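J.: As a plain string of letters, each chain reads:
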Amino acid sequence: MSAPAQVAERGTPRRGGGYAKPRKAGGGNFELISWFFMRLSGLLLIFLALYHLVWWNLIVGVAHLDSQVVIERWNNPFWRLFNVALVTFAMLHGLNGARYSIEDYVRRPGRQVAVKAVVYTLVLGSLLVAVFALLTFDPAVLVNR
Amino acid sequence: MANVRHTSLGTALRYRGREGMWTWILHRATGLGILLFLIIHVIDTAIIIYWPGEYDVALGIYKHPVFRFAELLIFFSVLYHAVNGLRIVIQDFWPYVMQRQRQLVWATAVIVVLAMLPVTWIMLAPIFGLAQEPGTARSEVRCSEARNAHAPACVNPEGEVAL
Ligand code: HEM
Numbered sequence: 083m084s085a086p087a088q089v090a091e092r093g094t095p096r097r098g099g100g101y102a103k104p105r106k107a108g109g110g111n112f113e114l115i116s117w118f119f120m121r122l123s124g125l126l127l128i129f130l131a132l133y134h135l136v137w138w139n140l141i142v143g144v145a146h147l148d149s150q151v152v153i154e155r156w157n158n159p160f161w162r163l164f165n166v167a168l169v170t171f172a173m174l175h176g177l178n179g180a181r182y183s184i185e186d187y188v189r190r191p192g193r194q195v196a197v198k199a200v201v202y203t204l205v206l207g208s209l210l211v212a213v214f215a216l217l218t219f220d221p222a223v224l225v226n227r
Numbered sequence: 429m430a431n432v433r434h435t436s437l438g439t440a441l442r443y444r445g446r447e448g449m450w451t452w453i454l455h456r457a458t459g460l461g462i463l464l465f466l467i468i469h470v471i472d473t474a475i476i477i478y479w480p481g482e483y484d485v486a487l488g489i490y491k492h493p494v495f496r497f498a499e500l501l502i503f504f505s506v507l508y509h510a511v512n513g514l515r516i517v518i519q520d521f522w523p524y525v526m527q528r529q530r531q532l533v534w535a536t537a538v539i540v541v542l543a544m545l546p547v548t549w550i551m552l553a554p555i556f557g558l559a560q561e562p563g564t565a566r567s568e569v570r571c572s573e574a575r576n577a578h579a580p581a582c583v584n585p586e587g588e589v590a591l
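So the protein lines, in turn, are chains P and Y. Counting from 1, position 95 in the first sequence corresponds to residue 177 in this note's numbering; the numbering is continuous, with no gaps. Counting from 1, position 62 in the second sequence corresponds to residue 490 in this note's numbering; the numbering is continuous, with no gaps.
What the hints contain is simulated information worked out from the structure, not anything from laboratory work. Keep in mind that the hints are not guaranteed to be accurate.
Computed footprint of chain P on chain Y; a stretch qualifies when at least three of its residues, placed anywhere within it, have a C-beta under 8 Å from a C-beta of chain P [unchecked claim]:
{"hint": "1", "segment": "458-472"}
{"hint": "2", "segment": "488-498"}
{"hint": "3", "segment": "509-519"}
{"hint": "4", "segment": "533-545"}
Residues from chain P shown here face chain Y by an in silico Cβ test under 10 Å; the list is partial [said to hold, decoys possible]:
{"hint": "5", "residue": "P95"}
{"hint": "6", "residue": "N111"}
{"hint": "7", "residue": "Q150"}
{"hint": "8", "residue": "V152"}
{"hint": "9", "residue": "S183"}
{"hint": "10", "residue": "A196"}
{"hint": "11", "residue": "V197"}
{"hint": "12", "residue": "V200"}
{"hint": "13", "residue": "Y202"}
Quantities reported herein were computed from a predicted structural model and do not represent experimental measurements. Using N, Cα and C, we set each Cβ at its ideal position, and we do this for glycine too.
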């Protein structure tokens with residue numbers, strides 16, 4: 083079956099996953115930028131996300147976690163900035179991936195807009211919550227509580 | 429709109445043909461799964477700012493054996509998505525290796541399975557009493573320091589909430 087115009091603009095889907103590099107179309111180069119962004123943020127996330135998982139699951143251990151461990155970690159601004167990078171790249175990478183899926187499966191224009199509105203709000207809303215939490219965290223207040 | 433196509437989910441899932449199909453479906457499923465988990469995870473982490481006491485209750489859920497399996501599933505999802513994503517990027521930027529796509533798919537599977545063997549043991553063996561929890565030595569050092577005497581994980585090492 084041939085791909086609809088919408089998908090062709092996005093770059094042809096390839097066997098085995100991914101999309102061929104989109105050609106610059108008349109309507110601007112948003113798809114080309116997303117294509118590069120997915121590859122760049124994906125490469126960064128390999129290190130950010132796997133480090134996070136190995137640290138908490140294999141080195142610290144979920145059984146030994148508590149609020150103090152996390153507060154101590156967050157006392158160091160480096161780890162808060164690390165998390166800002168992790169959550170920002172992960173959410174935007176995930177959001178664009180979700181957009182690909184929605185455009186593939188929800189073909190009715192009205193419904194597609196509605197589904198996108200809900201998903202974009204959820205993802206961008208929780209990204210805001212996370213960045214707000216990380217940047218407004220005040221160790222002095224919590225440690226003495 | 430005249431051009432709208434009504435594609436069933438089954439057709440949409442099949443449209444990419446054989447070998448690539450399963451790697452692609454799994455890439456999409458793990459990607460969407462991680463995104464869903466991340467939204468929940470950001471909320472549970474933000475609790476620490478406003479209600480640090482409740483944060484320890486939320487962590488208790490993560491310590492429950494059922495959730496330990498879920499955490500392993502998340503680990504697998506991120507690992508597979510990372511390694512398979514790397515394969516896609518390599519194929520995109522270095523088209524020559526497209527001729528070796530089947531071998532690369534096998535390499536992806538082998539890397540993921542080999543890495544998951546020790547990870548599965550480390551994460552699941554403790555809940556069956558077959559091994560110590562990972563990080564036990566670190567935790568003993570931490571809990572022996574006076575300033576951590578009242579840390580929740582030191583006072584109540586089990587810490588899981590009943591479901
Ligand atoms: C089951 C596996 C996981 C465990 C046990 C875990 C554990 C934790 C812990 C203890 C924290 C608070 C301390 C810190 O900020 O480092 C945290 C925060 C965070 N985790 Fe995870 N994590 C897991 C999986 C993931 C995954 C797969 C991602 C991303 C794809 C992720 C992204 C984040 C982010 C962005 C934060 C900061 C959130 C915020 O500030 O609201 N985590 N995680």
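J.: Please go over all the hints and tell whether each is borne out by the structure.
T.: Results for each hint:
{"no.": "1", "hint": "458-472", "verdict": "holds (count 8)"}
{"no.": "2", "hint": "488-498", "verdict": "holds (count 3)"}
{"no.": "3", "hint": "509-519", "verdict": "holds (count 8)"}
{"no.": "4", "hint": "533-545", "verdict": "violated (count 1)"}
{"no.": "5", "hint": "P95", "verdict": "6 Å, holds"}
{"no.": "6", "hint": "N111", "verdict": "17 Å, violated"}
{"no.": "7", "hint": "Q150", "verdict": "4 Å, holds"}
{"no.": "8", "hint": "V152", "verdict": "6 Å, holds"}
{"no.": "9", "hint": "S183", "verdict": "6 Å, holds"}
{"no.": "10", "hint": "A196", "verdict": "15 Å, violated"}
{"no.": "11", "hint": "V197", "verdict": "13 Å, violated"}
{"no.": "12", "hint": "V200", "verdict": "12 Å, violated"}
{"no.": "13", "hint": "Y202", "verdict": "12 Å, violated"}
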